[in-house]
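Here's the letter readout for the chains.
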Amino acid sequence: MVALGSGKILRAADLVPSSSPPSNAITASLGYQETDYSVINWGVSLTTRTIPFPKEPAGAAGKILRGVLNFGGGSSNSIAFVWQRDAGKLYLDLNRNRDLTDDPEGAFSARVFRPTSYQTFTNVHLLFNTASGRCRVLADISFWDYGSQPSCSLAVRSFWQGKVTLQGRDWQAGIVQNDLNQSSSFGNSRLLLRPWDNRNQPFDAYDGSLASVPFSRKVFVDGHAYQLEWITGSQNGEAKPALQFTEQSVALGELKITGKFIQRLVLPGGPYLVVLDQPAASMQVPVGSYNQPDILLAQNGTTAYCNSSLRQTGQRVSVDGKTPLVLNVGGPLTNSVIASRHGQDLRLDYRLVGAGGETYQLANRDRSRPPAFAIYQGDKKIASGKFEFG
Amino acid sequence: MPLTGAGKLTIVASADLGALGAREGSPVEYTWVLPGIAPLLLPWLVILVLLALKPNRCAAAWLIWLPLGCVIAFTLAPLPILPERTDFFLDVIGALAIGVAAVWLLTNYLRQQHRLLTFLCLLLALAGFSLLAAMAKQGLSLLSIESLQIGIVLAVGVLASAVALSLAGLICRGRYRPAGLCLWLLILLAGVWLMISAPFFVIALVASSSGIPWSEFFFPVLAVAAVNFATLLPFLILSSASPFFRERLKALLHLKPEAPPRLNAPLPDAQLKT
Chain A
9 MVALGSGKIL RAADLVPSSS PPSNAITASL GYQETDYSVI NWGVSLTTRT
59 IPFPKEPAGA AGKILRGVLN FGGGSSNSIA FVWQRDAGKL YLDLNRNRDL
109 TDDPEGAFSA RVFRPTSYQT FTNVHLLFNT ASGRCRVLAD ISFWDYGSQP
159 SCSLAVRSFW QGKVTLQGRD WQAGIVQNDL NQSSSFGNSR LLLRPWDNRN
209 QPFDAYDGSL ASVPFSRKVF VDGHAYQLEW ITGSQNGEAK PALQFTEQSV
259 ALGELKITGK FIQRLVLPGG PYLVVLDQPA ASMQVPVGSY NQPDILLAQN
309 GTTAYCNSSL RQTGQRVSVD GKTPLVLNVG GPLTNSVIAS RHGQDLRLDY
359 RLVGAGGETY QLANRDRSRP PAFAIYQGDK KIASGKFEFG
Chain B
2 MPLTGAGKLT IVASADLGAL GAREGSPVEY TWVLPGIAPL LLPWLVILVL
52 LALKPNRCAA AWLIWLPLGC VIAFTLAPLP ILPERTDFFL DVIGALAIGV
102 AAVWLLTNYL RQQHRLLTFL CLLLALAGFS LLAAMAKQGL SLLSIESLQI
152 GIVLAVGVLA SAVALSLAGL ICRGRYRPAG LCLWLLILLA GVWLMISAPF
202 FVIALVASSS GIPWSEFFFP VLAVAAVNFA TLLPFLILSS ASPFFRERLK
252 ALLHLKPEAP PRLNAPLPDA QLKT
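Those sequence lines, one after another, are chains A and B. Count the first sequence with this note's numbering and you get residues 9 to 398, in order. Count the second sequence with this note's numbering and you get residues 2 to 275, in order.
Some hints could be false.
[As the list claims (entries may be wrong)] With a Cα cut of at most 27 Å, we get these calculated DSS-like pairs of lysine-lysine:
id : chain 1 : residue 1 : chain 2 : residue 2
1  : A       : K264      : A       : K248
2  : B       : K9        : A       : K389
3  : B       : K55       : B       : K257
4  : A       : K330      : A       : K248
5  : A       : K63       : A       : K97
6  : A       : K388      : A       : K330
7  : A       : K330      : A       : K389
8  : A       : K388      : B       : K55
9  : B       : K9        : A       : K394
None of these hints come from the bench; they were simulated from the model.
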């Protein structure tokens, strides 16, 4: 499980911000955190070469791929590699001197040797140069080569996190980097924001749990609006980031939610990124126009999520401060089916729908027990079966 | 859907939703109308119309139902050996059989003086009637993924069949030998299918840095060629067994007719009584 370090709330004076923080600012110093699960996946650009490096480990039998991993954020972050497929070995030039024989920490063995076309190397500690200093990343690196262009991806197992107390409530706040290119603005990164008590729960940036949300400089959480700043401090040349929450005054309007079991509802695309945890039937949120909400439902250990980006209708919703906005979303969920004719076949598509007809997915669905269907003609069952995934 | 399933249907989906909802979903009603009978009957009506043509007004022409029935029965039988999501091949086989039957009945119109012209007529007729049969099976819907899959494979199958039949006729033009013709047809079908698929293999090979196993590419292609041959075989057997269709095949493939008795052979003794 996750072994989180003790987070601490720091005053502005403890940090090295670029300018003095406002008096009502609350700053959370973020610490580097490693996990035993991946929090996000990075695709890595890979440049191969056929000529061996001047200094590389003794050749092994079978196919050998070599080249450079381009992580972004400048060429200084690129790392030369040699992948000995049949031997299940990966060598990384971690000190970036193009000598692959002098990196004692850069030799890895595949978790599973076969098949040789896809291999994963675990616990790879990488060090990158960012605008705010050296930045560590722990990842599992996967290589695959099915005959055309070889590819590589990183299952990142580290992020930045800390503890922040907002209106008397403790939160885990953090940053999940999506790549190295956005090191200064973090516009492409994910903001980790969840109750401090949930800090030990594994999460993935895109798993629908909504533990992390798209990074936004304006956040409305727990009934309060905040200006959010990413402070890129450094300590001994290493990145020492922080998040600064400054409370804002904002006009509010009423939002009514008809559904049940909502654990978290996120309204993106508006003046503030609105994060509502276990919302009441009536809430106050900043006035403005928003995209359709992302929703996480949970009840007695069963969770389901609705990803707004997958919705076919992109209608926006507006909170105007005069008439309440009614969001007909949430539970209870209903198993549903869409029937359509395809030539001589009757096609059935399974849908899990919420109170307003929005589509949900069960988290951690057991693939061995797919949804089933039964077709009746009058009272007589004439056909039954199970839905196939895909 | 079974034919008995026509009418108002109630469909219920079910899944364990824990505390988030009921296991049984809300019933969804759908009125299933039997597929129009006309599209299903269309290929058979076409064969009947072709049988009504003047050159086919004889009992022997009705033997065309035998090979056609064999192939269609094969496509209707459950085939557990077919890989998943490839059952559309059965529709392709059925459509190709309808096309071949139509060609066998239209030979008198397709046969041209020049072999190349005959090939073009054969290709057009085979493509037209096969496509018609395939469309009819799909309820005349052209825009579905299934229709596209069937259309592509059928187009290649029609091209391979027409080319292989014409080349087999060219090779065997000296003398009609059913076994030899079948053997050449099998070889040529395999060759044509390999030629059609070879460019894709070459492209994949060029794009690959580590090579592609030959077996993974060519064995499936040869298997498809074998199925293509098996579709044509019942019609070839009919042509070897029935004098009526034997002449049709020989005309279509420009095979030399049976040699008449030599005129300079000594005649038996005979006396003309006056």
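Hint check results:
The straight-line distance between the Cα atoms of K264/A and K248/A is roughly 41 Å, outside the 27 Å bound, and the hint therefore fails. Proximity of K9/B to K389/A is assessed by CA-CA distance (about 12 Å); at most 27 Å being required, the pair is judged to hold. Between K55/B and K257/B the CA atoms are separated by roughly 24 Å; this keeps the pair inside 27 Å, and the hint holds. For a cut-off of 27 Å, the pair hint linking K330/A to K248/A is broken: about 44 Å separates their Cα positions.
Under the criterion of a C-alpha separation no larger than 27 Å, the hint pairing K63/A with K97/A is consistent with the structure, at around 16 Å. Of the supplied pair hints, the one linking K388/A and K330/A is violated, its CA atoms being roughly 53 Å apart against a limit of 27 Å. A hinted pair counts as satisfied when its Cα atoms are at most 27 Å apart, and K330/A with K389/A does not qualify at roughly 52 Å. With a C-alpha separation of about 52 Å, the suggested pairing of K388/A with K55/B is violated against the 27 Å cut-off.
Distance hint between K9/B and K394/A is fulfilled; the C-alpha atoms sit about 21 Å from each other, no more than 27 Å.
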